[in-house]
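Asks: Listed below, chain by chain, are the residues.
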Amino acid sequence: MTLAAKTSTGPKLTLGPLHFHWPAARRRDFYARIADEAPVDTVVLGEVVCSKRAPFFDGDIPEVAERLRRAGKEVVLGSLALVMQARERQGVIDLAASDDFLVEANDLTALAACAGRPHAIGPLVAVYNPSTLELMARQGATRVCLPGELTADAIAALAPAARETGTELEVQAFGRLPLAISARCYHARAHGLHKDGCRYVCEKHPDGMDLDTLDGAPFLAVNGVQTLSGSYLDLLGDLDRLRSLGVDRFRLSPQDCDMVAVAETFRAVLDGTVPVAPARDRLRELCPGRRFSNGFLHGVEGMAYQAAGI
Amino acid sequence: MSAASLSLVCPAGTPAALDAALEAGADAVYCGYADATNARNFPGLNFSPAEMRAAATRTHKAGRSLYIAINTFPKAGDEGTWHRAVDNAADAGADAVILADLGLLAYAQAHHPALRLHLSVQAAASTPEAIRYLARTFGVQRVVLPRVLTLAEVTDLTAAVAPVETEVFAFGGMCVMAEGRCQLSSYVTGQSPNTHGVCSPAGAVQFRREAGGDVTARLGDVTIDRHPAGAPAGYPTLCKGRFRANGTTGYLFEEPTSLNAADHIPGLIKAGVRALKIEGRQRGRAYVTRVVGEFRRAIDAALSGGFTVPDLARGLASEMEGGRATAGAYDRRWR
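Just so you know, the sequences run in chain order A and B.
Using the numbering used here, the first residue of the first sequence is number 1, and each one after it goes up by one.
Using the numbering used here, the first residue of the second sequence is number 1, and each one after it goes up by one.
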């Protein structure tokens, strides 16, 4: 990838947190390649789904972050989505105290810990209206990645508040949508286990465990305590309109596919070097067998896909 | 310990249900306005502003409290609807409003400083740090805890956040996902608890008779469950459906079941929890009478040391989804 892509102006690309439980070696390789090749501006690191997984990779984060920074990427640390236990709380408090990195708050514990200093708000925190966005900006939020279920109309109504408060607005544009989080581990449950003795069975499914209907239709993906959409979000056809509404950043959520090529595809459409139609074809080549959706943005059921832009 | 140490908070989707709850021994009743501002936005349910004022009068005459749930997230571009709901609640004389949205909490605090603020379960505050922050920032006085915590965690949390009060769910429909953070319903139907105050809305439900006689329950375009002809088919709530994964077919999230934490009443009293909440504003007067009555007796018995669990469970079996109950996350092994 060219240096030009790394220093591009205009809308930015964020590589969201890896939701899946990949082995540490694979994660290191993944981020090394992102550092070297992917035209993304920002990378969110850290285990946001399940605190039981964190020890496997936490020790590698400083080195991975350093490598990404050397490659010109901004590194943001994401906090745990559902915080319950004492050690999880302490982890969030320690994370929020970081002077070296911007922290992305993914629950109210992190929001509380980050209040009063610059931070980002992740898509798992409820920001549905301008009042809430303004409040968060007053408390120090400099960037907000909006919940996946927001419509284009809602984003349009939020954008002025973001502009007035100088808050960067981010929207997820690729990958499975995080739809729910639970205290219960459905990965363990599907394997006849409990969360406490889960044997880390979620590692078996690097792109989530497909959950189908009784008719065999693909529906959702289970990832430990998290439930994701069965489809991949694809907002390639909506990027232009979202930019005009005031969206500053687009988030690519890592999946088990060539994420460098995915990032290149989105970057090319944002830069106007590749039209939407061939970019869509390319995305489907990169994710064989996957279905795509963009219904939330269009104000219909999230699992729907509408080829015409908003 | 005085009876006031554990308050019984009961649902009312209609004025008739409110009267039933008062009669059956509710210490407080919670209601919502008939629009998208509350998380049980079902046709024919909930209160007009005039009905709410009358409800407050009747509740106060009975010496009880009225809470008004305005616990969805204000729609961008239509925040005025939610602001008016808070204004109306203050005018009606509500003893508290139950809110989830941080921007709406700020509005209530700024415009109605005397109005007591309870944090809805939809706000998803699960730690002392989050709760203290909300108390400090908005003056929140009570928090309805997410149904993700074990009894031990509820106990620790309640001690840690005092004097902020905790309220926990004791009975009724049970979300298995962290509330206020679930977009499964809108993924399938376009409407979610956060955006429209509904989950798995009735308008998207369809029961289809198959050629072999089976009945398929569908939500939007998604098959949620299938039953042999004549077998009882429950409401197809998305997360209580049967699906396939990892080579097995079953209730992969949760079985059709209700929460019943009656076993834990003594433990919750010991934990210092301030209020027990019964879910079910969408349920009828008979449900309210029965469940509230049983829990009134159970709490009174627990406070006087004569608590028996099995009788309570048996008495309520008919009110439970699928006739089954779980203590949910209160028991660690549920996870």
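Calculated from the structure, these hints are not laboratory results.
We treat Cβ as the ideally placed atom computed from N, Cα and C, and that holds for glycine.
Careful: at least some of the hints might be erroneous.
Said to hold, decoys possible - Not everything, but these chain B residues come out facing chain A in the computed CB check (under 10 angstroms):
hint : residue
1    : T150
2    : F207
3    : G250
Stated by the list, open to error - Under 8 angstroms between C-beta atoms, here's a sample of chain B residues computed to sit facing chain A:
hint : residue
4    : A106
5    : A110
6    : G173
7    : S186
8    : I269
9    : K270
Asks: Compare the structure with each hint and give your call.
Replies: Structure-based check of all given hints:
With its C-beta approaching chain A no nearer than about 8 angstroms, T150 (chain B) sits inside the 10 angstroms limit, and its interface hint holds. With a least beta-carbon distance of about 14 angstroms to chain A, the hint placing F207 (chain B) at the interface is violated under the 10 angstroms criterion. Taking 10 angstroms as the C-beta cut-off, the interface hint given for G250 (chain B) holds, the closest approach to chain A being about 8 angstroms. With its C-beta approaching chain A no nearer than about 5 angstroms, A106 (chain B) sits inside the 8 angstroms limit, and its interface hint holds.
A distance limit of 8 angstroms between C-beta atoms decides the matter here; for A110 (chain B) the minimum to chain A is near 10 angstroms, and the interface restraint is violated. Of the supplied interface hints, the one on G173 (chain B) is violated, with its beta-carbon coming no nearer than about 16 angstroms to a beta-carbon of chain A, more than 8 angstroms. Annotation: interface hint on S186 (chain B) holds; nearest CB of chain A at approximately 5 angstroms, less than 8 angstroms. A cut of 8 angstroms between beta carbons decides the hint on I269 (chain B): the least distance to chain A is about 22 angstroms, and the hint is violated.
With a least beta-carbon distance of about 20 angstroms to chain A, the hint placing K270 (chain B) at the interface is violated under the 8 angstroms criterion.
Hints 2, 5, 6, 8, 9 from the earlier list are contradicted by this structure; the remaining hints agree with it.
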